[in-house]
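Enquirer: Sequence:
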Amino acid sequence: MTSKATLRSLLHPYTTCEISDAFIKLKHNRPWYIPDIIQYSPTKPSDIAYASQPTNENKICGPAYTVRMVLAVDKQSPTPKEHFVDAIPEGSIVVISSPVPQGRSAVWGGLMTAGAKVRGALGVVIDGRFRDLNEHREAAFPVYARGQSTLGQGTFTRPSELNVPISVGLYPTSDMELATSEGLPLHGPVVIQPGDIMVADADGVVCVPKDMVEDVSERCRIGREVDDKCMEDIKAGKGVAETFKLRRGKL
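As numbered in my numbering, residues 1128 to 1378 make up the sequence shown, in order.
Quick caveat, the hints were computed from the structure, so don't treat them as lab data.
Check the hints yourself; a few may be wrong.
What the hints assert, rightly or not - Capping the alpha-carbon separation at 27 Å, the derived lysine-lysine pairs in DSSO-like fashion look like this:
hint, residue 1, residue 2
1, LYS1152, LYS1365
2, LYS1356, LYS1152
3, LYS1131, LYS1152
4, LYS1154, LYS1337
5, LYS1372, LYS1152
6, LYS1337, LYS1131
7, LYS1208, LYS1131
8, LYS1372, LYS1362
9, LYS1154, LYS1372
10, LYS1362, LYS1152
11, LYS1337, LYS1244
12, LYS1154, LYS1356
13, LYS1372, LYS1356
14, LYS1131, LYS1244
15, LYS1365, LYS1337
16, LYS1337, LYS1152
17, LYS1244, LYS1208
Owing to the predicted nature of the structure, the values given are computational and were not obtained by experimental measurement.
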């Protein structure tokens, strides 16, 4: 069995864009890209005011430690035996599914980052909101999320299950229907298994199933070689169409 460290090392050199291209080349039809989650920390969001940041120097890559949140009023779902931050495995990326991803309350805050950092977490990916932005940046702790909030977690949501399969990244129904009709790999949420390799950078967040890491890594290597040659040709003055036809085999 390939170790988590080896799986991480195979994907760490590559960007989320290169990984997405690899999935498409491999004709993989299980969703892997989690839309609308962006990097907030340690650098600033890539808006006009901060056009030079973030950079891929702050990329994170590692095995998923999953946390399923439920509404605070849900008394039927399980309750963890320990706080979800206290249970974070060293070298993992915390991935949180919120029961209402577009809801107004946060599921992560500055105290969570402090505890996660002490335990060796690489960062957090939140299918929902967080708060205490400056505390995360001061700690230089990577936070990827759908948005921010001033509302804390306890009143609105609670942790339910740890290290279980979770679904994140719901697409609008209209997008899903169109993608299905066109045969495109966009047909539902991303299912993340504990230990799947998460990669997050300035472009977004992707999930690579453990059993696909080697194939995706090799496809990324090939794709990078082709794109490096394309870049050389285009910088040398060759046309994009000509270059793509030569290097990528298509117009």
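Enquirer: Does each hint hold? Answer for all of them.
Expert: Each hint, compared with the structure:
Restraint check for LYS1152 and LYS1365: the C-alpha separation of about 25 Å stays at or below 27 Å, so the hint holds. At roughly 18 Å between alpha-carbon atoms, LYS1356 and LYS1152 fall within 27 Å of each other, so this suggested pair holds. Pair hint LYS1131 plus LYS1152 holds up; C-alpha atoms about 24 Å apart against a cutoff of 27 Å. For the hint linking LYS1154 to LYS1337, the alpha-carbon distance of about 17 Å falls within 27 Å, and the restraint holds.
Between LYS1372 and LYS1152 the CA atoms are separated by roughly 17 Å; this keeps the pair inside 27 Å, and the hint holds. The hinted pair formed by LYS1337 and LYS1131 meets the criterion: a straight-line CA distance of about 9 Å does not exceed 27 Å. Distance restraint check for LYS1208 and LYS1131: the Cα-Cα separation of roughly 25 Å lies within the 27 Å cut-off, and the hinted pair is therefore satisfied. Restraint check for LYS1372 and LYS1362: the C-alpha separation of about 16 Å stays at or below 27 Å, so the hint holds.
With a C-alpha separation of about 21 Å, the suggested pairing of LYS1154 with LYS1372 holds against the 27 Å cut-off. For the hint linking LYS1362 to LYS1152, the alpha-carbon distance of about 25 Å falls within 27 Å, and the restraint holds. At roughly 24 Å between alpha-carbon atoms, LYS1337 and LYS1244 fall within 27 Å of each other, so this suggested pair holds. Proposed proximity of LYS1154 and LYS1356 is supported: the alpha carbons are some 24 Å apart, at most 27 Å.
Taken as a hint, the LYS1372 and LYS1356 pair is honoured in the structure, with Cα atoms around 12 Å apart against an allowance of 27 Å. The straight-line distance between the Cα atoms of LYS1131 and LYS1244 is roughly 19 Å, inside the 27 Å bound, and the hint therefore holds. Our distance criterion of 27 Å between C-alpha atoms is broken by LYS1365 and LYS1337, whose separation comes to about 39 Å. For the hint pairing LYS1337 with LYS1152, the CA-to-CA distance comes to about 18 Å; that is within 27 Å, so the pair holds.
For the given pair, LYS1244 sits about 21 Å from LYS1208 by alpha-carbon distance, which is consistent with the 27 Å threshold.
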